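Enquirer: One letter stands for each residue in the lines below.
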Amino acid sequence: MIEARGLTKKYGARVAVDNLSFDVQPGVVTGFLGPNGSGKSTTMRLLLGLDRPNAGVATFDGKPYTSYAQPLREVGALLDAAYLHPTRKARAHLHAVAASNGLSPGRVSEVLAMVGLTEVAEKRTGGFSLGMKQRLGIAAAMLGDPRTLLLDEPANGLDPEGVRWIREFLKHLASQGRTVLVSSHLLSEVALMADRLIVIGKGSLISSTTVDEFVRQFGHSWVRVKSPSMAALSQHLQAMGATLQFEDPLTAHVYGASATDIGTVAASNGIVLHQLADQTGSLEDAYLEVTNQTVEYRGAPK
Amino acid sequence: MIGAIRSEWIKFRTVRANVILIAITLGLPLVLSAVLALVANNSMTDPRNSFGVAVIAPSMVAVYLCGVLGVLGIGQEYRHNTIRVTFAAQPRRSRVLAAKTVVYGTFGLLVGIVTPMLCLVLSSIIMRSRNVPYEADGAALIGLAVLCLLTTLFGFGLGSVMRQPAGAIPVFLLWPLLVESIVGAIFSAVNEDLIRWLPFRSGQQLASFGEDSMGPGVGFSRIVSGVYFGSWTLALVVLGWWLVERRDA
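Chains A and B, in that order, are what the protein sequence lines are.
First residue of the first sequence? That's 1 in the UniProt record's numbering, and the numbers climb one at a time after it.
First residue of the second sequence? That's 1 in the UniProt record's numbering, and the numbers climb one at a time after it.
Treat the hints as calculated values from the structure; they're not laboratory data.
Check each hint, because a few of them may be wrong.
[Said to hold, decoys possible] Just so you have them, the derived chain B footprint on chain A, three or more residues with Cβ under 8 Å: (1) 64–77; (2) 81–92; (3) 99–112; (4) 157–170; (5) 262–271.
Bear in mind the structure is a predicted one, so any value in this text is a computation, not a measurement.
A virtual CB, placed ideally from N, CA and C, is assigned to each residue, including glycine.
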């Protein structure tokens, strides 16, 4: 379990992480979301003791990361796939990392096979694609068979097969009771792999909850109604305060009324319904809604 | 600690730039030594000068290249951000720095011992065959080994302070080769005794042979020179250590 309490990091006058507290539970995949520049990567570096916090503390299973003599056996991390020396071979990179924690060369071969890089183990990493570097970074994170994994954008650069692989891999690790924290910009991927979310904006916590609860809380929900008497039904619904958005003359999205209310109104007025379905917005809708005020870098409107 | 040293040793020998530099460090002095032994003037009056020209002078190339390796020992880690991988794997930074100090220091010391010995063997064969008077200076050989160790660690300390090798390597090379030459010339004009306080000029006294290279009575003794240059090295290493501990990775 990861516990962050009051993490604060300032670069000069700029506050990158602002009194951030959260828990990451074992046994589930937790997505770590936030707009560009919101402090996700800084937070990850703070968790690992790479950046020195101005205030606050982070612990892994009750102990600060820096107190572990051989931390790779407890926590595996992929911060950036590009953190490689381009003229060092993949196996040598892993050997060096493994040796620092007393891990055997045999384990290096195991993790290379795990991520599918055995064939290129003797190649210099400068010639690797981003996807191959990601796999190498994941291999390094898995060297110590850790109970906790921290991965920053692990699906970046992976092909569709690789994206599916990392999704299934992380879900499998979580199912073994490990703690898995994953940041990603691919919201559709997060929706598929994560059970819980930590969402931050401008360095502060916006939400820490389950994916379902997050979408329910911040996403729009509506009822899709299809009726041959839509004109009559719409008058009744507007009279009870609902708003309607028409897909076509016979189909509407109804906001501000539940499916039960709509069904009751239709029945009491003898209106036939061909469809009455609750609709929930996507994780992307909810995320954009909740982070709208905290986006620092935004493209010009079209 | 053993794991950290093993890790640094693997890193040291698995980067292409290091491998090339190591090959040059070990090979170039031998080539220079052979060439200098072949062209050495057999009318040299002091046989220690023949030794100096064919052994100490070529070995100084290895000394400076070891310093460059020292800079790269930590500079490359910052250059490619692998320092974050290193410190994530071993968050007790002092342990990493101690391991680097051991690996690079040992390499520097070994080069400082092996290179002049090989140059000595090679050049002595050539010069004796040419009847050039030749006399090895044991104190200079020991001094050179110490100088090589200290220069390697000096480079490592400078790399720790400056982090980026693109800046640290020019500073490391220009300091003794340009800055101290210019400042030394100025000092010579003003007050010759000041030259002894230039760290690299003083450090070179460790491997001095024959006549005092700074001029009679100008430089410190061999041991005091070593202590003085060692103090500069220690100060840089300690400053670099403190900064690395304190800064974000």
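Enquirer: Hint by hint, note whether the structure agrees.
Expert: Checked hints:
| no. | hint | in the structure |
| --- | --- | --- |
| 1 | 64–77 | holds (count 8) |
| 2 | 81–92 | holds (count 9) |
| 3 | 99–112 | holds (count 4) |
| 4 | 157–170 | violated (count 0) |
| 5 | 262–271 | violated (count 0) |
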